[in-house]
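Trainee: Chains as they are written, first to last, in our numbering: chain C, 629 to 908; chain H, 981 to 1200.
Just so you know, these hints were derived from the structure itself, not from any lab.
Backbone N, C-alpha and C define an ideal beta-carbon position, used for all residues, glycine too.
Be aware that one or more of the hints could be misleading.
Below, computed lysine to aspartate or glutamate pairings styled on DMTMM-like, alpha-carbon distance capped at 25 Å [unchecked claim]: (1) C:Lys748 with C:Asp768; (2) H:Lys1194 with H:Glu1093; (3) C:Lys877 with C:Asp832; (4) C:Lys681 with C:Asp732; (5) C:Lys831 with C:Asp871; (6) C:Lys668 with H:Glu1124; (7) C:Lys875 with C:Glu760; (8) C:Lys664 with H:Glu1131; (9) C:Lys848 with C:Glu879; (10) C:Lys668 with H:Asp984; (11) H:Lys1123 with C:Glu677; (12) C:Lys748 with C:Asp702; (13) C:Lys848 with C:Glu683; (14) C:Lys776 with C:Asp732; (15) C:Lys776 with C:Asp702; (16) C:Lys776 with C:Glu747; (17) C:Lys672 with H:Asp987; (18) C:Lys672 with C:Asp791; (19) C:Lys664 with H:Glu1124; (20) C:Lys668 with H:Glu1053; (21) C:Lys875 with C:Glu809; (22) C:Lys664 with H:Glu1132; (23) H:Lys1129 with C:Glu677; (24) C:Lys697 with C:Asp744; (25) C:Lys816 with C:Glu775; (26) H:Lys1191 with H:Glu1124; (27) C:Lys672 with H:Glu1053; (28) C:Lys672 with H:Glu1132; (29) H:Lys1191 with H:Glu1053.
Just the calculated beta-carbon pair ranges, DEER-fashion [said to hold, decoys possible]: (30) C:Asn889 with H:Gly1067: 52 to 62 Å; (31) C:Leu671 with H:Leu1108: 31 to 41 Å; (32) C:Leu671 with H:Lys1010: 53 to 63 Å; (33) C:Leu640 with H:Lys1037: 52 to 62 Å; (34) C:Glu636 with H:Leu1035: 29 to 39 Å; (35) H:Ala1125 with C:Thr657: 34 to 44 Å; (36) C:Val653 with H:Phe1052: 23 to 33 Å.
On the chain H side, residues computed to face chain C include the following (Cβ under 10 Å) [what the hints assert, rightly or not]: (37) Tyr1074; (38) Ala1076; (39) Ser1114; (40) Leu1130.
Spelled out, the chains give:
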Amino acid sequence: MESAEEYEIKLLIITGMFGMFLLAVSFITFLIFYQKRIMKQQLKLQQLELEHKEELLRNSINTLEKERKRIARDLHDNFGVSLSVVKLYLYDVLKKKSNPVLIDESIGNTNELLDDIIEKLRHTAHHLLPPEFSKIGLIDSIEQLLEKIEQTEDIEIDFHYSDKINFDFNTDLSIYRIVQECINNTLKHAHATLISINIYVLKDRAYIKIQDNGQGFDRKQLDNGKSMGLQNLENRARMIKADISIKSKKEKGTCVELSLNYPTKPVSHETPKQYQHHHS
Amino acid sequence: MQKDSYDIILNLAPFFLIPPVLLGILNFRKHSGKLIFIYLLVFLAAFTFLISFVLWKKGINNLFILHFYTIFEFLLLSLYYYIELKGFIIKKLYIAVVAAFVIFSIANSVFLEPLTVNNTYARAVESLILISFSITVFYRIVKEARILKLEESPVFWINSAVLLYFSGNLFLFTFSNYVLTMTQGTGMQVWVFHSLFQNIYYTLITVGLWKARKNTKLNS
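Kindly generate the complete structure, drawing on both the sequences and the hints.
Mentor: Written out as structure tokens, the structure is:
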């Protein structure tokens, strides 16, 4: 027969055993539910990442197709028709063999047209990739680009750099393309009178700032095409591990700032250059 | 009626050892690494039960076996957890804890609780250490989030077995010498819960070893 004390201690031990056991069961149950929730969130995140990558790929392909269309259109509009006319002039020359004056005239016209074609070809090639890009470097290539724009567009350009930054070919080209794209966007949409480009190095980071005084935009109200253009800028920046910020307000202009790591090199003793030209 | 159910639980207890021992015999050579220690653990448990049973039948005090069993059980589970927690814990600290317990256990048997009584201090401390190890493994599982389905992972089942068994029996291990002084009926009421937790322990280990066997088949 168990005593009262024995009973109490037995109860204490059994209660303690079950208490600890239930605590362990609760812990394991909580863990199972918590882990399922974490895995669900992880899967969701992976899904979003995958969708994002697919969207990036789609954008890249669209951009590529757009560029191909533009090249095809340029080739057709600029060269297709002109070369046909050259052919007509040459046919004329063959027909007018007996008349030297008319032959001279046809040859003169053909020469003029060929000059025009060569110039357009140079312009198209330059737009695709500036010749000697890898030799002359990023800053000089941007300068050349700005010179060409000033010759054809009615806009003031203010270009300032404190350091002739240079990366590997791919990074240089990506930065060049971003600058090119920003300028194209300004020329097409902003109705700006001034583009300001500023390149400088601060604490092992290179900064490229492209600003205009145009009409600005509200990103949420952009149509698909323009929105894709901005996404392309962001994709290019991401590819070279650069940070990009695109700030714009209606009637207040647009500012695109690109920054990326630029390990400190020996200081360049070249004096800072300011490039400014007013197109009259 | 109550006594019958207690008898069933107590008498069935050894049979819960059979599935993991069989799995161990079938798969011992196929597995390398940490699972070998679980197989050795169940073999040790079976061997200990047989020796204890024989001694009990002969009327010889078999409590001394528990002193040795505690040390070997702890070492085998520590080795298992050492591999499981590799890279997640401070190696030197882990080895120090294991070594400290082994020394404490031996010292306890020599100086504090002789071989004729339960080694309650050692069992209680062992329980606390193994509970800590199992919680650490669960923490690692959640933190690293590498296991997609917990229920398919052998680690989950084996670790749950250790946590539930040692948590459930912590109080009993601490007061087991006092339980021995109780009247037989009262003592039995307490030990039946130990058997219940032990049955759950070996069942969960069996599930874990079965899952491990399935995973090996899928990977081969």
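Trainee: Please go over all the hints and tell whether each is borne out by the structure.
Mentor: Against the structure, the hints come out as follows:
1. C:Lys748 with C:Asp768: holds (22 Å)
2. H:Lys1194 with H:Glu1093: violated (44 Å)
3. C:Lys877 with C:Asp832: violated (30 Å)
4. C:Lys681 with C:Asp732: violated (61 Å)
5. C:Lys831 with C:Asp871: Satisfied, since the Cα-Cα distance of roughly 15 Å is no more than 25 Å.
6. C:Lys668 with H:Glu1124: Status holds; Cα separation ~14 Å.
7. C:Lys875 with C:Glu760: The given pair, whose Cα atoms are some 33 Å apart, is violated under the 25 Å limit.
8. C:Lys664 with H:Glu1131: Holds - the C-alpha atoms of Glu1131 (chain H) and Lys664 (chain C) are around 11 Å apart, at most 25 Å.
9. C:Lys848 with C:Glu879: The hint holds at about 16 Å.
10. C:Lys668 with H:Asp984: violated (47 Å)
11. H:Lys1123 with C:Glu677: Given that 25 Å is the threshold and the Cα spacing comes to 21 Å, the pair holds.
12. C:Lys748 with C:Asp702: It holds: about 9 Å lies between the C-alpha atoms, which stays within 25 Å.
13. C:Lys848 with C:Glu683: Answer holds: Lys848 (chain C) to Glu683 (chain C) is near 18 Å, not above 25 Å.
14. C:Lys776 with C:Asp732: violated (33 Å)
15. C:Lys776 with C:Asp702: Holds, because 18 Å separates the two Cα atoms, which is no more than 25 Å.
16. C:Lys776 with C:Glu747: Since the Cα atoms of Lys776 (chain C) and Glu747 (chain C) sit roughly 12 Å apart, the hinted pair holds (cutoff 25 Å).
17. C:Lys672 with H:Asp987: Distance ~52 Å between Lys672 (chain C) and Asp987 (chain H) Cα, so the pair is violated.
18. C:Lys672 with C:Asp791: violated (45 Å)
19. C:Lys664 with H:Glu1124: holds (13 Å)
20. C:Lys668 with H:Glu1053: violated (37 Å)
21. C:Lys875 with C:Glu809: Distance of about 15 Å is within 25 Å: holds.
22. C:Lys664 with H:Glu1132: Given that 25 Å is the threshold and the Cα spacing comes to 13 Å, the pair holds.
23. H:Lys1129 with C:Glu677: OK: Lys1129 (chain H) and Glu677 (chain C) at ~22 Å, within 25 Å.
24. C:Lys697 with C:Asp744: Holds, because 22 Å separates the two Cα atoms, which is no more than 25 Å.
25. C:Lys816 with C:Glu775: Status holds; Cα separation ~18 Å.
26. H:Lys1191 with H:Glu1124: holds (21 Å)
27. C:Lys672 with H:Glu1053: Since the Cα atoms of Lys672 (chain C) and Glu1053 (chain H) sit roughly 42 Å apart, the hinted pair is violated (cutoff 25 Å).
28. C:Lys672 with H:Glu1132: Judged against 25 Å, a Cα distance of about 21 Å means the pair holds.
29. H:Lys1191 with H:Glu1053: Distance of about 22 Å is within 25 Å: holds.
30. C:Asn889 with H:Gly1067: 52 to 62 Å: Roughly 31 Å apart at Cβ, these two residues miss the hinted range, so it is violated.
31. C:Leu671 with H:Leu1108: 31 to 41 Å: Because 37 Å falls inside the window, the suggested range holds.
32. C:Leu671 with H:Lys1010: 53 to 63 Å: violated (32 Å)
33. C:Leu640 with H:Lys1037: 52 to 62 Å: With Cβ atoms ~32 Å apart, the hint is violated.
34. C:Glu636 with H:Leu1035: 29 to 39 Å: 32 Å Cβ-Cβ, so the 29 to 39 Å window holds.
35. H:Ala1125 with C:Thr657: 34 to 44 Å: violated (18 Å)
36. C:Val653 with H:Phe1052: 23 to 33 Å: holds (28 Å)
37. Tyr1074: Violated, because the Cβ-Cβ distance from Tyr1074 (chain H) to chain C comes to roughly 22 Å (cut-off 10 Å).
38. Ala1076: violated (26 Å)
39. Ser1114: Cβ of Ser1114 (chain H) sits 9 Å from chain C, so the hint holds.
40. Leu1130: Since chain C brings a Cβ to about 6 Å from Leu1130 (chain H), closer than 10 Å, the hint holds.
Hints 2, 3, 4, 7, 10, 14, 17, 18, 20, 27, 30, 32, 33, 35, 37 and 38 from the earlier list are contradicted by this structure; the remaining hints agree with it.
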